[in-house]
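Counting from 1, position 28 in the sequence shown corresponds to residue 28 in UniProt numbering; the numbering is continuous, with no gaps.
Please keep in mind that the hints were generated in silico from the structure rather than gathered at the bench.
Be aware that a few hints might be false.
[Claimed, not checked] The following label-pair restraints were derived from C-beta to C-beta distances:
#	residue 1	residue 2	range
1	Gly305	Ser111	25 to 35 Å
2	Tyr310	Lys226	17 to 27 Å
3	Gly113	Gly137	18 to 28 Å
4	Ala255	Pro216	14 to 24 Å
5	Ser163	Lys188	20 to 30 Å
6	Lys272	Arg100	33 to 43 Å
7	Thr98	Arg289	31 to 41 Å
8	Lys217	Tyr164	16 to 26 Å
Backbone N, C-alpha and C fix where the C-beta goes; we use that ideal spot for every residue, glycine too.
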Amino acid sequence: MLQSQKILNSSPQILPPTPSPKIHPLVQNFPTSRSLPSLKQTCNLSRRELTLCGNSSLLLLWGSLVLEPFNLSRARADELPNADKNEQEQNCANKDPTKRVFLDISIDGKSAGRIVIGLYGDSAPAGAARFSSLVSGTAGISYRRKEFIKIMPNYVQHGGVRSYGVDAELARRSGSNLETERLMEEWKANNERCPGTKNLAGTVGIIVRDPSKPPPKIKLVARQGKLEIDQEEVGKDPNGTEFVIVTKDSPELDASSLVVGRVLEGMEVAEKIGEVKTVQENTGSPYFRVAKLIGDKRAVVAERGFNRPYSKVLVTNCGLME
């Protein structure tokens, strides 16, 4: 008996399982985010610290709700420049002609057809007015009986009217002004407003500047017994009457041409002009390079003849269309 009692006294006392501490529902159900550390790891179970953590988390949640409209407004503000850019590109691409003109073309005396051009009176008013006055003859001179002087793989170029001799006298009598100041201002404004290639296939542009024109030469001039430094202009700027009809996209023309319209009918006639044989360009010849380098005038004359058509391509008639 005594031995069994000792055994009972030495055996460990079996106690009922202790209940696990109850976690507050706020800690269990509080949503955690990737940016904020988990509250289960940062908050202890003491009543004071739990209250502080709960209040701070509520403040964070309230702050995010308050700042959400500002974030949305910022996102919409960031989208506005893209919307304006898309609208600007659409306005640059979609140009409605305000006036129609025609050019009748002949090659070596044989009729090649008619080209109908729509002018952009809204986006290029000065250029459209210049082209319209030369087509209709209100400038005292016109493109009638004038030749195409250059045929390139991507465009054909008309020689326009001369700014000297009979043409200049007729223009002066009619009070026409062949200066290119307004055309240059319009060309600069269009370049700033519409980036990217503007001389696309089918467009018509006026040559307003010569990007390959060399800078003026410095020379000494004697004036009233004193030597002064003067600048001598080399070459002449275009008179704003030459024009090009683009057969393929020509970004190289953006530096010299102001787009004033596009071909509405007769694009096949412009392509037919582009097929006329021309004087072969010889700028790669070492003899030409040396002559150009030393300033030989024969090289300048030869360069003017490059890409000129062997056949005579004329505007036999031109005018406005109703």
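If you check each hint against the structure, which ones fail?
-> 2, 6, 7
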